[in-house]
Amino acid sequence: MTITLQTLLKKDWFGLLIVVILSGILITLFKPAFLSSFNLYVLMVSTSYMLIIALAQMIIISIGQMNLSVGAIGGLVAISFSGVMEVYHLSVPLAIFIGLAIGVICGFLNGFITVKSGISAFIITLATLYIFKGINLGITEAEPFYEIPSAVKNFGNAKIGGTPIPYLIIIPIIITVLMWVLMNRTETGRHMLAYGNSVQSAELLGISSSKVVITAHVISGTLAAVAGMLVVCRLQLGTPNIGDSWLLPSFAAPVIGGAILAGGKVDVIATSLGVLIVAIISQALVIFKIDPFFVQIFLGLMILLAVFINRYREYKQEASRKVFTHD
Amino acid sequence: MTELCLEINRADKAFPGVQALSKANFKLKKGSIHALLGENGAGKSTLIKIITGIHKQDHGDLLINNSARVLNTPNDATLYGISVVHQERNLIRRFSVGENLMLNNLPRNHFGLIDYKEIAIQSKKWLEIMDLNIDPATLVSDLTVAKMQLCEIAKALSLKSKILLLDEPTSSLSPQESENLFLLLKKIVRDEGVSIVFVSHKLEEVFSICDEVTVLRDGKNACTSEKIENLNRKKLVKLMIGRDEQIVRAKSQNSKNKNLVLKLNNVKSEIGHRDINLELHESEIVGLYGLVGAGRTELAKCLIGIEKIVSGDVEINGLKQTIHSPKTALEKFRIGYISEDRKKEGLILIHNVLDNSSITVWSKIKKAFGYVTDGMISMKVTPYIQQLEVKTPSNYQLISNLSGGNQQKISVVKWLAAGTDILIIDEPTVGIDIKTKAYLHKLIIELAETGTSIILISSDMPEMIGLADRILVMKDFKISGEVNNNHNYDKTSAAIMEYIHD
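Respectively, the protein sequence lines represent chains A and B. Just so we're aligned, residue 1 is where the first sequence starts under our numbering, counting upward by one. Just so we're aligned, residue 1 is where the second sequence starts under our numbering, counting upward by one.
Hints are not guaranteed to be accurate.
Far from chain B, by Cβ distances over 10 Å, these chain A residues were calculated [claimed, not checked]: (1) 151; (2) 205; (3) 288.
Capping the alpha-carbon separation at 27 Å, the derived lysine-lysine pairs in DSS-like fashion look like this [to be verified]: (4) 391/B / 442/B; (5) 211/A / 29/B; (6) 147/B / 11/A; (7) 124/B / 11/A; (8) 10/A / 117/B; (9) 316/A / 160/B.
Under 7 Å between C-beta atoms, here's a sample of chain A residues computed to sit facing chain B [stated by the list, open to error]: (10) 161; (11) 185; (12) 194; (13) 197; (14) 204; (15) 206; (16) 310; (17) 311; (18) 314.
Treat the hints as calculated values from the structure; they're not laboratory data. Just so it is clear, CB atoms sit at the ideal spot from N, CA and C, and this is done for glycine as well.
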């Protein structure tokens, strides 16, 4: 297939890429400081863990469900990760392993209960949100863990060589690539999207719904765990309120990236660009010294705009089909 | 050649309150096309669900290729080579045709990743069997309904299925598309060694392609594996309904001198209608005939304000009007629309009979602050529910528990209760059995006789010619001709076909 402007325009990510480039150029024209090494560093740091949070939600959106407990899982993992290092003096790799295991278990529980009960994931993850958060508060009694090993702290602060690129962004980039491969080139990913498109059709095609749903939730839980640990690296401490503010942004990026909440349509590249756009806007408002309270208004408008554009494009495609394709 | 590939012996299946099947038998011969017929509620769908592993029979055996099998899930059925081509399309619309065909067994490359080139190569083979000359990379959502169905059959073949179940396969196909489908079905029976169970309400189709017929009535066999040569339409109908068929036909009338209630003048719509001229008189039934995709349902949606009219005039009772929304259509102009898709658009399946039949009257009977009681509603709609002989244990039964025919009656009740002057009825009898169909036809005629003006959208030629006073033929979102209906089937149908194929 040859790449033409026409095929590019059909891609969800193409329009977003243009927005990223244009807004980058525009902001730089007014405030060249936007491209300063410090600013780019801050931009990449905030993008890094948001990227993983967005992907953790995106994979659940792909099967037509929602995971309200992303933040609660991330928070529980964050305090466990820092807690086992401070209290039991476990080595960093072992702590990472424990963190990931908790993410896998939480995700598995979400998926398992959803499948076995037949109740919507929205309700199940609402319940587990409270449970995971409750365990978090029970363990910490709302006190942060401060004693983080220097290796972890360094990882959270270091830049690669003389560039403004933070180490923190390496893992999110690798995960983004893996997620793209998962959703586009593996049977597991395609079955998830098929399930999201139509549960009934997928089941009749012999796709196991429990496998699809549990896998998606396990991946979501694992990604939330990774994000939780990255935030600990970044903050240099494990506070119990990590994850509290993740929920709504986790939906924002996939939606800006053209995801359909009913399921069956998500785009990894577009979701990543969605994260980047949110970060750029937040950053730009800081640079232009606009009251930070306005950031949320801009985000809201951004989401509306993205949804309108997607709706318009779908409408156009539908309309052209209606008139010209019957033979 | 009497080898059986599927056999069901003395199957019983009970649901709470209903004995859906009692001692039902079904025998499918290898390499044959076997019609499974019966009225709605005769146990046909239950039998299909047993064959496809959705339900399990309470008693009785199921044999596949002469060995007894237990099907616990639809997946088991697929493993034993049974595939269903459903009324509801079974394809993943946002995936390509090739990926849909290969979805159960996606080809991989050395890295274990999906190999899209290989998908294209492998799926091409199955598409060619179905004479489908399309690029496997085409998105399913870009296909016509007919082609989607052929893809679904190709998909079943790719799963090495030897028993295909086709449930109302032609309900949204044009006559030519159906013809093409039948040729292909005969071809795959001959060349691929497939056996087919064919479920349809259209008896003409049964006679044109089936070898044997099994009829169910009230959960029992009215006949088992009867050779088609020994049957004719009359005998078959009698087997199905237990008595002779009544053909309903409207009296010919000349409505031209009655009041003009609706007039469209060179209407152009946003979704592609052009030069639409239409006149509807009081008590008149105007038919809109055309192939699927000709723009008939879409025109109805323009009239009730869902789709936008961009130019031309809409006159209601002689006055130029604009219809903004279904709400104004109903409350101001008293135009109602009975959807073709009763499950998605017509009824709220998880609500009960009472709520569904009264949606349209709430705004009329509500008191201060929108206060409405069940009693008030009941008084308003119960007469209609009784008049239409809706079979329901009570007004509080959930709609999803009623049969298709009774669901359709409730859609009609809803608009009767609303007291509309103009009623647009879209494919009223798709998937409805002969007995209820005749009843609905009578009802439509009675409605017209008592002063309602009706626009009837139907792809069922006998229905159209039986009911309509005038028939407008639509093609490509335009009206291609008008036929004055004298209820003479041969002449009128020939005139209609001429406008479709000019």
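Going through the hints against the structure:
No beta-carbon of chain B is positioned within 10 Å of the beta-carbon of residue 151/A; the least distance is around 33 Å. Distance check for residue 205/A against chain B: the nearest CB is about 6 Å away, which does not clear 10 Å, and the non-interface claim fails. For residue 288/A, the shortest C-beta to C-beta distance to chain B comes to about 40 Å, beyond the 10 Å cut-off, and the non-interface label holds. Annotation: proposed proximity of residue 391/B to residue 442/B holds, straight-line Cα distance about 17 Å (limit 27 Å).
Our distance criterion of 27 Å between C-alpha atoms is broken by residue 211/A and residue 29/B, whose separation comes to about 37 Å. Annotation: proposed proximity of residue 147/B to residue 11/A holds, straight-line Cα distance about 25 Å (limit 27 Å). Between residue 124/B and residue 11/A, the direct Cα distance comes to roughly 25 Å. Compliance with the 27 Å bound is thereby established for this hinted pair. Taking the CA atoms of residue 10/A and residue 117/B, the gap is near 21 Å; set against the 27 Å cutoff, the hint holds.
A distance of roughly 39 Å separates the Cα atoms of residue 316/A and residue 160/B; the hinted pair therefore is violated under the 27 Å criterion. Contact between residue 161/A and chain B, as hinted, is not supported at the beta carbon level, the nearest pair being about 31 Å apart and thus beyond 7 Å. The beta carbon of residue 185/A is positioned within 7 Å of a beta carbon in chain B (closest approach about 4 Å), and the interface hint is therefore held. Hint on residue 194/A holds. Least Cβ distance to chain B is approximately 5 Å, under the 7 Å limit.
Interface restraint check: residue 197/A against chain B, minimum CB-CB distance 5 Å, threshold 7 Å, status holds. Given hint, residue 204/A at the interface with chain B, holds; its Cβ is 6 Å from that chain's nearest Cβ, closer than 7 Å. Contact between residue 206/A and chain B, as hinted, is supported at the beta carbon level, the nearest pair being about 5 Å apart and thus within 7 Å. For residue 310/A, the suggested interface contact is broken, since its CB lies about 14 Å from the closest CB of chain B, more than 7 Å.
About 15 Å separates the beta-carbon of residue 311/A from the nearest beta-carbon of chain B, more than 7 Å, and the hint is not met. Of the supplied interface hints, the one on residue 314/A is violated, with its beta-carbon coming no nearer than about 10 Å to a beta-carbon of chain B, more than 7 Å.
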